[in-house]
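Visitor: Please put together the full structure from these sequences, using the hints given.
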Amino acid sequence: NAGVMQNPRHLVRRRGQEARLRCSPMKGHSHVYWYRQLPEEGLKFMVYLQKENIIDESGMPKERFSAEFPKEGPSILRIQQVVRGDSAAYFCASSPPSGLDYNEQFFGPGTRLTVL
Amino acid sequence: KNQVEQSPQSLIILEGKNCTLQCNYTVSPFSNLRWYKQDTGRGPVSLTIMTFSENTKSNGRYTATLDADTKQSSLHITASQLSDSASYICVVSARGSTLGRLYFGRGTQLTVWP
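Chains as they are written, first to last, in our numbering: chain R, 1 to 116; chain B, 1001 to 1114.
Simulated from the structure, these hints should not be mistaken for laboratory data.
Fair warning: there could be bad hints in the mix.
What the hints assert, rightly or not - SDA-like mimics (lysine to any residue), calculated; alpha carbons at most 25 Å apart, straight line:
{"id": "1", "chain 1": "R", "residue 1": "K44", "chain 2": "B", "residue 2": "S1074"}
{"id": "2", "chain 1": "R", "residue 1": "K27", "chain 2": "B", "residue 2": "S1046"}
{"id": "3", "chain 1": "B", "residue 1": "K1001", "chain 2": "R", "residue 2": "E57"}
{"id": "4", "chain 1": "R", "residue 1": "K44", "chain 2": "R", "residue 2": "L11"}
{"id": "5", "chain 1": "R", "residue 1": "K51", "chain 2": "B", "residue 2": "A1094"}
{"id": "6", "chain 1": "B", "residue 1": "K1001", "chain 2": "R", "residue 2": "L38"}
{"id": "7", "chain 1": "R", "residue 1": "K62", "chain 2": "B", "residue 2": "S1010"}
{"id": "8", "chain 1": "R", "residue 1": "K71", "chain 2": "B", "residue 2": "R1101"}
{"id": "9", "chain 1": "B", "residue 1": "K1001", "chain 2": "R", "residue 2": "M60"}
{"id": "10", "chain 1": "B", "residue 1": "K1001", "chain 2": "R", "residue 2": "P96"}
{"id": "11", "chain 1": "R", "residue 1": "K44", "chain 2": "B", "residue 2": "Q1038"}
{"id": "12", "chain 1": "R", "residue 1": "K44", "chain 2": "B", "residue 2": "S1028"}
{"id": "13", "chain 1": "R", "residue 1": "K44", "chain 2": "B", "residue 2": "T1026"}
{"id": "14", "chain 1": "B", "residue 1": "K1001", "chain 2": "R", "residue 2": "G59"}
{"id": "15", "chain 1": "R", "residue 1": "K44", "chain 2": "B", "residue 2": "F1030"}
{"id": "16", "chain 1": "R", "residue 1": "K44", "chain 2": "B", "residue 2": "A1079"}
{"id": "17", "chain 1": "R", "residue 1": "K44", "chain 2": "B", "residue 2": "S1087"}
{"id": "18", "chain 1": "R", "residue 1": "K44", "chain 2": "B", "residue 2": "K1017"}
{"id": "19", "chain 1": "B", "residue 1": "K1001", "chain 2": "B", "residue 2": "P1029"}
{"id": "20", "chain 1": "R", "residue 1": "K62", "chain 2": "R", "residue 2": "R22"}
{"id": "21", "chain 1": "B", "residue 1": "K1057", "chain 2": "R", "residue 2": "F106"}
{"id": "22", "chain 1": "R", "residue 1": "K62", "chain 2": "B", "residue 2": "N1002"}
{"id": "23", "chain 1": "R", "residue 1": "K71", "chain 2": "R", "residue 2": "E57"}
{"id": "24", "chain 1": "R", "residue 1": "K62", "chain 2": "B", "residue 2": "K1001"}
{"id": "25", "chain 1": "B", "residue 1": "K1071", "chain 2": "R", "residue 2": "E104"}
{"id": "26", "chain 1": "B", "residue 1": "K1057", "chain 2": "R", "residue 2": "P96"}
{"id": "27", "chain 1": "R", "residue 1": "K44", "chain 2": "B", "residue 2": "P1008"}
{"id": "28", "chain 1": "R", "residue 1": "K62", "chain 2": "B", "residue 2": "S1085"}
{"id": "29", "chain 1": "R", "residue 1": "K44", "chain 2": "B", "residue 2": "S1085"}
{"id": "30", "chain 1": "B", "residue 1": "K1071", "chain 2": "B", "residue 2": "S1083"}
{"id": "31", "chain 1": "R", "residue 1": "K44", "chain 2": "B", "residue 2": "L1047"}
{"id": "32", "chain 1": "R", "residue 1": "K27", "chain 2": "B", "residue 2": "S1010"}
{"id": "33", "chain 1": "R", "residue 1": "K44", "chain 2": "B", "residue 2": "R1042"}
{"id": "34", "chain 1": "R", "residue 1": "K44", "chain 2": "B", "residue 2": "P1029"}
{"id": "35", "chain 1": "R", "residue 1": "K51", "chain 2": "R", "residue 2": "R20"}
{"id": "36", "chain 1": "B", "residue 1": "K1071", "chain 2": "R", "residue 2": "G42"}
{"id": "37", "chain 1": "B", "residue 1": "K1017", "chain 2": "B", "residue 2": "V1112"}
{"id": "38", "chain 1": "R", "residue 1": "K44", "chain 2": "B", "residue 2": "R1095"}
Guide: Quick look at the structure:
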């Protein structure tokens, strides 16, 4: 059973370009979470998704950021018109569908986004 | 405001020695507290999860304690190894949070020297 997969591991974009980050949850997991980690900072919650539904996006900036978790395929975190301040490590985590807040979250290796 | 504070920010110890990392939180209502280990360039890996009714939990050389009254937790590492060098992150979840939101500390950067 492969762990949480994220790709790409490293992504370089120029200001104004779009960044697409992908996350494939562990097999059998239907809950996906995205976190952002700025240098020297702790992880910050961005968005929580279940298949085809956004459950909580209160941690995600209102503009330029969007996330989806389609019925088929990976979850996508999309950042439009990237700025230098978007440079960070973006982590995805997944958990099984028990619906409890005790759910163990398993993290992927992260995507390191660098905006030039 | 829900916050998680960790100390020290960084720590250097010699191989074979023990150490204790601290975590204070204000997350309320409290549900559970987790300690994660994050190696450089990798995602966090869970070490322990404790609910409010658990005072201590061990995972090999890692022992976590929890005092829900004072809202404090500690992670004790015994007989440290070079591979223990990593960031150790305290994470707290609020009760009733079916939304899965976790609150992260900034971590303690542990370096083990030979």
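Visitor: It remains to establish, for every hint, whether it holds in the given structure.
Guide: Evaluation of the provided hints:
With a CA separation close to 22 Å, the supplied pair K44 (chain R) and S1074 (chain B) stays within the 25 Å bound. Distance restraint check for K27 (chain R) and S1046 (chain B): the Cα-Cα separation of roughly 18 Å lies within the 25 Å cut-off, and the hinted pair is therefore satisfied. At most 25 Å may separate the alpha-carbon atoms for a hinted pair to count; K1001 (chain B) and E57 (chain R) meet this at roughly 18 Å. Straight-line distance between C-alpha atoms of K44 (chain R) and L11 (chain R) comes to about 20 Å, which keeps the hinted pair within the 25 Å bound.
Between K51 (chain R) and A1094 (chain B) the alpha-carbon distance is near 23 Å, which keeps this suggested pair within the 25 Å criterion. Of the supplied pair hints, the one linking K1001 (chain B) and L38 (chain R) holds, its CA atoms being roughly 20 Å apart against a limit of 25 Å. In summary, the hint linking K62 (chain R) to S1010 (chain B) is not supported, as the alpha carbons are separated by about 34 Å, beyond the 25 Å threshold. Taking the CA atoms of K71 (chain R) and R1101 (chain B), the gap is about 22 Å. The hint holds against a cut of 25 Å.
Taking the CA atoms of K1001 (chain B) and M60 (chain R), the gap is near 18 Å; set against the 25 Å cutoff, the hint holds. Taking the CA atoms of K1001 (chain B) and P96 (chain R), the gap is about 28 Å. The hint is violated against a cut of 25 Å. A C-alpha spacing of about 15 Å is found between K44 (chain R) and Q1038 (chain B), which places the hinted pair at or below 25 Å, so the restraint holds. The hinted pair formed by K44 (chain R) and S1028 (chain B) meets the criterion: a straight-line CA distance of about 17 Å does not exceed 25 Å.
As the CA atoms of K44 (chain R) and T1026 (chain B) are separated by approximately 16 Å, the hinted pair is consistent with the 25 Å bound. Our distance criterion of 25 Å between C-alpha atoms is met by K1001 (chain B) and G59 (chain R), whose separation comes to about 15 Å. With a CA separation close to 18 Å, the supplied pair K44 (chain R) and F1030 (chain B) stays within the 25 Å bound. Pair hint K44 (chain R) plus A1079 (chain B) does not hold up; C-alpha atoms about 32 Å apart against a cutoff of 25 Å.
At most 25 Å may separate the alpha-carbon atoms for a hinted pair to count; K44 (chain R) and S1087 (chain B) meet this at roughly 16 Å. The straight-line distance between the Cα atoms of K44 (chain R) and K1017 (chain B) is roughly 32 Å, outside the 25 Å bound, and the hint therefore fails. With a C-alpha separation of about 11 Å, the suggested pairing of K1001 (chain B) with P1029 (chain B) holds against the 25 Å cut-off. With a C-alpha separation of about 20 Å, the suggested pairing of K62 (chain R) with R22 (chain R) holds against the 25 Å cut-off.
At roughly 19 Å between alpha-carbon atoms, K1057 (chain B) and F106 (chain R) fall within 25 Å of each other, so this suggested pair holds. At most 25 Å may separate the alpha-carbon atoms for a hinted pair to count; K62 (chain R) and N1002 (chain B) meet this at roughly 21 Å. Between K71 (chain R) and E57 (chain R) the CA atoms are separated by roughly 19 Å; this keeps the pair inside 25 Å, and the hint holds. For a cut-off of 25 Å, the pair hint linking K62 (chain R) to K1001 (chain B) stands: about 21 Å separates their Cα positions.
A C-alpha spacing of about 21 Å is found between K1071 (chain B) and E104 (chain R), which places the hinted pair at or below 25 Å, so the restraint holds. Among the hinted pairs, K1057 (chain B) with P96 (chain R) is consistent with the structure: their alpha-carbon atoms are about 23 Å apart, no more than 25 Å. Note on K44 (chain R) and P1008 (chain B): the hinted pairing holds, with a Cα-Cα distance of about 20 Å set against a maximum of 25 Å. For the given pair, K62 (chain R) sits about 37 Å from S1085 (chain B) by alpha-carbon distance, which is inconsistent with the 25 Å threshold.
Only pairs whose Cα atoms come within 25 Å are accepted, and K44 (chain R) paired with S1085 (chain B) is accepted, the gap being roughly 23 Å. Between K1071 (chain B) and S1083 (chain B), the direct Cα distance comes to roughly 29 Å. Violation of the 25 Å bound is thereby established for this hinted pair. Under the criterion of a C-alpha separation no larger than 25 Å, the hint pairing K44 (chain R) with L1047 (chain B) is consistent with the structure, at around 19 Å. Restraint check for K27 (chain R) and S1010 (chain B): not satisfied, since their Cα atoms lie roughly 36 Å apart, outside the 25 Å limit.
Proximity of K44 (chain R) to R1042 (chain B) is assessed by CA-CA distance (about 16 Å); at most 25 Å being required, the pair is judged to hold. In summary, the hint linking K44 (chain R) to P1029 (chain B) is supported, as the alpha carbons are separated by about 19 Å, within the 25 Å threshold. For the hint pairing K51 (chain R) with R20 (chain R), the CA-to-CA distance comes to about 18 Å; that is within 25 Å, so the pair holds. For the hint linking K1071 (chain B) to G42 (chain R), the alpha-carbon distance of about 19 Å falls within 25 Å, and the restraint holds.
Distance check on the hinted pair: K1017 (chain B) and V1112 (chain B) sit about 9 Å apart at the alpha-carbon level, within 25 Å; holds. Among the hinted pairs, K44 (chain R) with R1095 (chain B) is consistent with the structure: their alpha-carbon atoms are about 19 Å apart, no more than 25 Å.
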